[in-house]
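Please take these sequences and the hints and turn them into a complete structure.
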Amino acid sequence: MMKGKSLLRWAGMLMVVALVSVVGIEARSSSVTAAPAEQHADIIKIDVIGKLGDMELPAVTYRHDLHTDALKKMDKDCATCHDSDSNGSMNLTFKRTDDMSAKQLQNLYHQNCVGCHADMAKAGKDTGPLESECRSCHNPKPDMVAERQPIEMDKSLHFRHISSKKLAVSQQDKNCGACHMNVDVVAGTASYVAGTEDSDNGYGDGFVKYKSPKSAAHSSCISCHKNEAKKDTAFAGPVTCAGCHSATAQKEMKKVTPERLDRGQPDTLLIVPNTAAEKNIAPVAFDHKFHEANVKDCSTCHINGIGNDKDGFKPLYSDMHDAKSSASCVGCHAMRIAQNPSCEGCHTMVPVQNFNEQSCATCHNANGVTAEQAAKMSKKERSAVAASVIAAREAGAVTYTAEDIPEFVKIDALADTYEASKMPHRKIVETLLNATADSKLAGSFHAEKGKVCQACHHQSPISIKPPKCQSCHSEAFKKGDRPGLKAAYHQQCMTCHTEMKIQKPQNTECAGCHAARAN
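FYI, the numbering for the sequence shown is -5 to 513, going by the working numbering.
Treat the hints with care, as some may be off.
Unchecked claim - Computed Cβ-Cβ distance ranges for the label pairs, DEER-style:
id : residue 1 : residue 2 : range
1  : Pro335    : Met247    : 49 to 57 angstroms
2  : Thr227    : Ala162    : 16 to 24 angstroms
3  : Cys354    : Pro52     : 52 to 60 angstroms
4  : Gln367    : Asn221    : 50 to 58 angstroms
5  : Arg420    : Lys160    : 54 to 62 angstroms
6  : Cys354    : Gln165    : 19 to 27 angstroms
7  : Ser372    : Ser454    : 42 to 50 angstroms
8  : Ile297    : Ala96     : 53 to 61 angstroms
9  : Lys462    : Ser150    : 34 to 42 angstroms
10 : Lys373    : Ala230    : 37 to 45 angstroms
Don't read these hints as lab results, they were simulated from the structure. For clarity, every value in this text was computed on a predicted model and none was experimentally measured. Think of the CB as a built atom: it goes at the ideal place given N, C-alpha and C, for glycine as much as any other residue.
Here you go:
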């Protein structure tokens, strides 16, 4: 009997030890952070079979550049995996030019991919998974993820193409026809027509075969780069995924200062209000040449549908004044302000939607010319009027003379625990002006004396002697959400310092602005 109890006791102890061990192992395993997945620009998900029906196994995570590098070492190229059509153009699809069933595709990939791996293994070379290692390719949780950066044909890259003598098109004085082709989908043809170039037809003849811009661009660009590489390897553009889509490669791309792209556009023009309700509003004198140099490309502003009130598009007024659209005038200006700490110190607390007649006149400043008169002018006449208005603008923000701006302002209305704050008033004004001295945007919107002052002296008319803060902020929340004097001071000053990234004094350093009062 005693022996039985002893055995039970030992069994119980062993169970406890086992449970503790399991819990300990689980705790340790849960505390281990999984290694971050590798990031590569060349990862492709091979899921073409899944688009035709259910797949038995997960899609394949495929490293494209890894394979092209291996082929290159064996003196092989893209033709190993990609067939060409009757015109000699390389297909983007793997080992086929025609559509296939799911079963045919399965056999195609297995026979060629696994077959290639098997041949290399027989030759004693490093290779990929073999026939019995399905999950090595069909991995539901691969240890790598795609990290592709979109590639843009920015002004620098575009100029390198149009100015290159290597890309000269036969019987054409410009290179535009190398990429820009008008496609007739029905006839299956593509041809260049001078003067019709735009961002929608810059895919060469790739759009004849591939109806999507992404596939058309890959077909045309890679084919061109491959052909040029046969002539001059040093000149040719990239043919690998990482060559275009990795952050490293994009940083290393040669940057040039492009010449202005001549599309017959004017240097300056008048933007004329086009509705009866706006007939009394002055036209806008617009510096087109200046804006060209300060945006990514033409499509930054010229977007399909802008200025058209048909087919669900917004009318012209909304296109120009939509504060949330980067393609509108107001929205683009707001974005520029938000990206500049020198502007954000003031503008963070000034809602961009607060328009008034004075705001309108900043842009609608071709005074003396009505919309009706401008509509009757020739393009050349309108351009000349706009040029004269633009030439008269101030280069930077203006304000009162130094003598009219107090050097220091003593803020003592709330002096209690701390001494009064001695604010370097003139220095602050000069700092704001110097920070925006070279900005045409700031110069246009701060052309009136005292305009800069309104960031702090807000909600009152411009004046050389604005009302004191306590005249409005004497009592907290007396009107709406208007803060009291103490909160107003701190919100105004601390927000400005934060947005302008001013390091001293810090927001938590009370004595940096007002010394502690001695007992």
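Taking the hints in turn, this is what the structure says about them:
1. Distance hint check: the CB atoms of Pro335 and Met247 are about 28 angstroms apart, inconsistent with the given range 49 to 57 angstroms.
2. The hint said 16 to 24 angstroms for the Cβ distance between Thr227 and Ala162, and at roughly 19 angstroms that hint holds.
3. A C-beta distance of roughly 59 angstroms is found between Cys354 and Pro52, which places it inside the suggested range of 52 to 60 angstroms.
4. Range check, Gln367 to Asn221: Cβ separation about 55 angstroms, and the 50 to 58 angstroms hint holds.
5. Under the hint 54 to 62 angstroms, the C-beta atoms of Arg420 and Lys160, about 59 angstroms apart, fit the expected range.
6. The given range of 19 to 27 angstroms is broken by Cys354 and Gln165, whose C-beta atoms sit roughly 51 angstroms from each other.
7. Checking the proposed 42 to 50 angstroms range against Ser372 and Ser454 shows it holds: the Cβ atoms sit about 45 angstroms from each other.
8. The hint said 53 to 61 angstroms for the Cβ distance between Ile297 and Ala96, and at roughly 40 angstroms that hint is violated.
9. Between Lys462 and Ser150 the Cβ separation comes to about 53 angstroms, which falls outside the hinted range of 34 to 42 angstroms.
10. Between Lys373 and Ala230 the Cβ separation comes to about 42 angstroms, which falls inside the hinted range of 37 to 45 angstroms.
Consistency with the previously given hints fails for numbers 1, 6, 8, 9, ordered from lowest to highest.
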